[in-house]
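Just need the whole structure built from these sequences, with the hints factored in.
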Amino acid sequence: MRESQDLRALTADPVDEARLNRNWRAIDRRRRSPRTSRRAIAVGAVGLVAAAAALVAFVVGRDASPAPLALASGAPFNALEGRVTELDDGSRITRFDGAEAEVLEASGQRVVLRLVRGRVRFEVTPGGPRRWIVEAGAARVEVVGTVFSVDRGDDGVAVDVERGVVLVRADELPDGVRRLTAGERVRVAAPTLTASAGALEPPGPRGSAVARVEGATAEVGSASASADVEPAPDDLAELEAEAESPPPSTAREAPAAPASGPTARQLMDRADAARAEGDHARAARALRELLASHPEDESARMAAVTLGRLELRQLGQPARAARTFGRALRMGLTRTFDEDVRAQRVEALSRAGDAGAAREAASEYHRRYPDGRWTSEVERWAP
Amino acid sequence: MHHGFVSSPKRARLLALVPDAPSGGRAGEGAAEPTDAELVERAIDGDRWAEEALYRRHAPAVTAAVVRLIGRHADADDVVQDTFVIALERLSALRSGEAFRAWVARIAVNEVRRRLRRRRWLQLVSLDRGVDDASFAALAVEGTRPDLRAELAELDRILAKLPVEPRMTWLLHRVEGWSIRETAEALDCSTATVKRRLSAADSAIEVSRSGRGWSV
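Protein chains in written order, with the working numbering: chain V, 1 to 383; chain W, 1 to 216.
Because the hints were derived from the structure by calculation, they are not lab data.
Among the hints, erroneous ones may be present.
To list a few chain V residues with every Cβ distance to chain W over 10 Å, as calculated [claimed, not checked]:
no. : residue
1   : ARG8
2   : ALA9
3   : PRO14
4   : ARG19
5   : ASP89
6   : GLY353
7   : GLU364
Which chain V residues face chain W? A few, computed with CB under 7 Å, are given here [stated by the list, open to error]:
no. : residue
8   : LEU7
9   : ARG25
10  : LEU48
None of the values given here were measured: they were computed from a predicted structure.
Beta carbons: idealized from backbone N, C-alpha and C, even for Gly.
Right, dumping it as structure tokens:
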């Protein structure tokens, strides 16, 4: 078949002698162990474990459940401590100026906090036994493991997820739920909610470390969330540094209304709504209008990043995407955004056929981020 | 044909790795090559050479298919090992030795399904740590032009959005070159279903038009 030949010609045959030999050795080893006894051992082991678990549960009772969450010092977790609160499961809570929160519950199964006001950043260790819940008035965020911030103000609640994949539940969303991945953003504002996707989707396949977040039901104000699927190994300090200054996605847009025409906020909402409906072309038009009519607005940077991603991923316009990413970079981005955009620009230039410019952009990326998160992807697009 | 789905010259060459027969003759050279039925019969009788011969004959195609279907090298090796352990342990349940190829392919596909279900569950609970290191883009040969790499990455993205069954159908038939019948046997469905899934997958893969670096 021609298609087989074409694709096979482009890709390495994953089968080689070494692999076959290696697998056969493993199979042979497993085959040499007694068959019946292996199955019997497995069944027996399961039975023993079940019996032991039942016995332990019976004898120990409630003591078998996870211990209540405590401070890293071992003290009970009854309240937030100063600016940073470190917990015994490795989780960490950072309270920003003016933020006020109280601990409602810190049991083995649940951690419930009430955010009274201000911005608090949560780094929840993934895979733990507890479900974290942050009550923030109109918004409720549930999470198993990720890094996120909740910002409650008079005008509503904003949720920013820095890592993880997020499920946002809200009556206003289609089917009541929306899964957000890298760079996607959702606003929940009464009485409607709009969603925009993806300013920060990575330029290629990404790793896992997926976290789950559920929640966010807002009746007043607004909430936004962005998620980065793959945790960078060294990004905690970077994220911490970013947290010192609110990233663009959390910036409250208070655009000066022009004499005529929609405001930046209205255009962003229009783009968000279009993207939620899957109408990427309409979303792109709204974002371009925002950039043209409100270039100084603080939402313009995120509009450029989002537009570039739309052009690259959804609209198949890599040349336009490369230009838009260039514009976003000239506008100035935070470090994480800057790195992601530079990496995606390499891909855009490469896909647009401008290999020379792609190599230049790649060189610039490597220079700025010698240990960057997207190094291998950049090398793939501009070898 | 015992190994009808061994379609690439390289994989055909790998058949030469079938171990030396106890008689000293090399399978496929000179002496008549034992059929799958003969090998299965001997393997059931405890002939380890026959077991390895069955593995060497069918593992190349099964491994290649599993790598395509599961997209991760480590997972693929696990699946291949599980597949042949299961197959060799349950040989006596095989009604006809000639059906070994289809049988082992079906076991492999079922193991892939199981693995993918587990992966989805792990992703839900944030415990999936695997890397898709066997995607088309990741397997691009050295020296592939950037635009072709981009097309491969795009194909990966499109395939990732397809439901599992149409995706597996498309990969087995369109990429691995398995016949409609072989694909249907492996997926345990009718040939009509395979054709329907292929049609659906082809429609979804809009990048398959001519003028691209690869064609479908």
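Any hints this thing doesn't respect? Which numbers, in order? Hints 1, 2, 3, 4, 6, 9, 10 not satisfied by this model.
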